[in-house]
Amino acid sequence: MRRNRGIRTRATAAGLAVALVAACGIGNPSSKSDALTFVSTGSPFQDYQNKAWAEPFTAQTGVKVRNDGPVDEARMKTMVEARKVSWDVVDTSAAAAVQYCGKYLEKLDFSVIDKNVFPKGTVGDCGVPAYNYSLIFMYDKEKYKNDPPTKIGDFFDVKKYPGRRIVPPEIAVGLLEAALMGDGVPEKQLYPLDLDRAFRKLEPIKKSTTFAKTYGQQQQMMVDRQVDMALVLSARAYQSLKAGAPFQPVWDKTVVNWDDLVVPKGAPNKEQAMKFIAFASRNDPSAKLAQLASVQPINESIVPNYDPIQQRVNPFTPDRKHSIVRSDAEWWGQNFDAVTKRYTTWLAG
Amino acid sequence: MTTTITARSRGREAARPRGRAAWFVLPATALLLVFFFYPIATIVWRSFTEPAAGFGNYTGLLHDGLSVKVLVRTLVTALIVASVTLVIAYPYAYAMTRVKPRTRGVLTVIVLLPFWTSLMARNFAWYMLEQRGGPIDRFLGLIGFDGVVLLGTVAGVTVAMVQVMLPFMVLPLYSAMEQIDRRLLDAAGSLGAPRWRAFARVHIPLSVPGMLSGFSLVFIMTLGFYITPALLGSPQNSLISQVIGERVSKLLDFGGAGALGTVLLGVTLLVLFIVSRFGGPAKALGGAVTHE
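Protein sequences, first through last, are from chains D and A. Following the working numbering from start to finish, the first sequence increments by one per residue and tops out at 349. Following the working numbering from start to finish, the second sequence increments by one per residue and tops out at 292.
Bound-form chain D, shown alone (with noise of 0.2 Å):
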């Protein structure tokens, strides 16, 4: 009885090793060549990436993409550290591509990806620019009708605009920056960027502004009128005014940020990856993610056929070029964590 018994554990045992290998298997990626997987950040935006880079790619080279998401570095790195990599490029933002380049990320192959495409200074070893996007500084223009507001400043003006703010749920793309020429930091002097100068002008707005926390919340805002003013990317800025939001752009100071394409540490489909990257980085892929997403192309150049609503918030038209800001993803990369922290104390506090 008792002999049985321990027979009976151990066959319990390796039935339960059995299957804790099968489930760990579950995860591994198949390895084909003729397939890769794409991460993004899901909601229409990546639909919109699939029909402007993954369709005509496997259009022509009979590549099957699989979509996965939303973008998650904390996934990655775990994927990264357990070597069972099943994302193969992922869009992510340029600040993340300099500060994990080499860690969780591998080299870009340039012998695949053309680097001249892409404006001087934008490229990295581990990730190259997709897309352009812009912090537009937005407000409800029936609440400030007879006084509209008309410089970045503005924004942190409580006494001159009283009302709501919303500002996007992640820091590194222009809050900190707007705040500082806000405050009349030259644009050439914005980085190294002044922290203490920073909070202190986000000090008045702190109580009257939702810290967003998904730009899906940024933009149900804006279009039930919950908030009076915006700080707000302009593909939301389009959903929002597409979906009746009564708002106006500012053209003052206008920080734009692009993301990048990456291929995470031991992806399984490497080679395919970089062809992925290299087609993506064409002009017309990118023209018609542009058109359908309303971000900007990486290549200036390229005129997007924009709606008239994308028109009303597209800051690359002639006019209102002057307000555009680059931010400094080298700068962020090496400093995203510290900035991070301090803001999430600064907010709770």
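Heads up, some of the hints might be wrong.
[Said to hold, decoys possible] Partial list, derived from the structure: chain D residues whose beta carbon lies under 7 Å from chain A: (1) E73; (2) D337; (3) T340; (4) W346; (5) L347.
No lab work stands behind these hints: they were computed from the structure. Glycine is no exception: its CB is placed at the ideal position from the N, C-alpha and C atoms.
Assemble chain A onto chain D, guided by the hints.
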């Protein structure tokens, strides 16, 4: 005498099947070991080893100016939520023991109905209610309190959590109260106690196990609750689960997040320990169900 003997012989008969029955817990134990204890052990381990070995992550929590504040805020919130649910649930559970079976059925369904509704749906409902221009805001405006927006405040999170947690308080309370022998209250009455005193001196003390289990259940669940504060709260008022989420997803600081998680685990175990001191471990966890 007879009863003792039957009880004993029954106990002996039951011994063998019970010994074998122990094997039935094996799958559950295996599952727990693999999917609960192993990950938790990993998290605790990482909190001591990443990025450097030692107590760095823990001393970091003390000095980062955020964690202690958030931990205190979380504990206070959990305490408030547990206390308020207790105050609301107690009379309700009492009423459940005093009504006819059919009414009791209705009362039970009322408690369980939100329980069967998706947590996300309930939280979104609160989102709609609490936002600017929402029903609560407008109602308070009517009676002269303008611009009270609960969304994004600790108060707003607390209100919603009380509603979400209510079933976890009502059910153990009810099961404890149902065990109370009503004749004891009658006896107290016959000995001259007015009804309120009989209630206070007999009913309330006898319902303590239910109160303890409900309170600790709600308290502990509120401590680690993520969805409600993430959806209805704000970064300005974040609770500990949000800070842990932020550390992991934005900073990839698994060590620091692990340390925070370990502290949370420690607090939970401490609460369980204290409760079990008062009511016995089984009562603390299972409430009055153990009465049989």
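Evaluation of the provided hints:
{"no.": "1", "hint": "E73", "verdict": "holds, 6 Å"}
{"no.": "2", "hint": "D337", "verdict": "holds, 5 Å"}
{"no.": "3", "hint": "T340", "verdict": "holds, 6 Å"}
{"no.": "4", "hint": "W346", "verdict": "violated, 9 Å"}
{"no.": "5", "hint": "L347", "verdict": "holds, 5 Å"}
The structure fails to meet hint 4 from the earlier list, while all remaining hints are met.
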